[in-house]
Amino acid sequence: GIQVEQSPPDLILQEGANSTLRCNFSDSVNNLQWFHQNPWGQLINLFYIPSGTKQNGRLSATTVATERYSLLYISSSQTTDSGVYFCAVSGAGSYQLTFGKGTKLSVIP
Amino acid sequence: NAGVTQTPKFQVLKTGQSMTLQCAQDMNHNSMYWYRQDPGMGLRLIYYSASEGTTDKGEVPNGYNVSRLNKREFSLRLESAAPSQTSVYFCASSELDYGYTFGSGTRLTVV
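These protein sequence lines are chains R and Y, in that order.
With the working numbering applied, the first sequence covers 1 to 109.
With the working numbering applied, the second sequence covers 1001 to 1111.
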């Protein structure tokens, strides 16, 4: 199956700083999503982005499918951005979203 | 509010007991999923249902069964719970391959 690697595994930021989270995947995908799991455990879908670039407020994501990676940008970070960010992918004809192990982000005031 | 509802939120079982985790969605999604989340492992797919009337195994199906009762409901059953099934269980639904919506999770402890 497809392998998903996320980096860095842990990230500590001062409030107001910017960050870039990376997701590498081992095969071509037809589905790539970014999720945020808040400290209370709730999983929120941030982006569906198998290719291209999308932006939503302070968050944006870019997937370069031909080079098998995706980036999640967080600008002007806030303490509410803390939590774990997951990248998940599936290949053609597959319903199985394979998750990376996540990047744990801590934003300190 | 529209979304995915899971019950119960917390459960403690003794080894060998059985239980069913319930999941319902009100977004008219065709596909539903059960994942488990363990520390350091991310989320792993247990079973999924691509559409009403179909179910398929995911990455870690052993020890579980599922039922797609109707388009809204997808339950997960543990027939004989084992300590290795201590985990947080998430149900999710989606339309086509995108827009996953997750429930709030069930924290299960097997002692």
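Bear in mind the hints are in silico, worked out from the structure with no lab data behind them.
Worth double-checking, as some hints may not be accurate.
Said to hold, decoys possible - Some, not all, of what chain R presents toward chain Y, calculated at C-beta under 10 Å:
| hint | residue |
| --- | --- |
| 1 | Pro8 |
| 2 | Ser28 |
| 3 | Pro39 |
| 4 | Gly41 |
| 5 | Leu43 |
| 6 | Gly57 |
| 7 | Leu71 |
| 8 | Tyr73 |
| 9 | Ala88 |
| 10 | Tyr95 |
| 11 | Gln96 |
| 12 | Phe99 |
| 13 | Lys101 |
| 14 | Ser106 |
| 15 | Val107 |
Idealized CB from N, CA, C, for every residue including glycine.
Structure-based check of all given hints:
1. Pro8: Where the cut-off is 10 Å and the nearest Cβ of chain Y is about 15 Å from R/Pro8, the hint is violated.
2. Ser28: The hint is violated - R/Ser28 has no Cβ within 10 Å of chain Y, the shortest such distance being about 14 Å.
3. Pro39: violated (13 Å)
4. Gly41: Cβ of R/Gly41 sits 5 Å from chain Y, so the hint holds.
5. Leu43: Holds. Min distance 4 Å.
6. Gly57: This hint is violated: R/Gly57 lies away from chain Y, its Cβ roughly 18 Å from the closest one there, beyond 10 Å.
7. Leu71: violated (19 Å)
8. Tyr73: Not OK, violated: R/Tyr73 not within 10 Å of chain Y, min 20 Å.
9. Ala88: Holds, about 8 Å.
10. Tyr95: holds (5 Å)
11. Gln96: holds (5 Å)
12. Phe99: holds (4 Å)
13. Lys101: holds (5 Å)
14. Ser106: Nearest chain Y Cβ about 17 Å off; hint violated.
15. Val107: violated (21 Å)
Consistency with the previously given hints fails for numbers 1, 2, 3, 6, 7, 8, 14, 15, ordered from lowest to highest.
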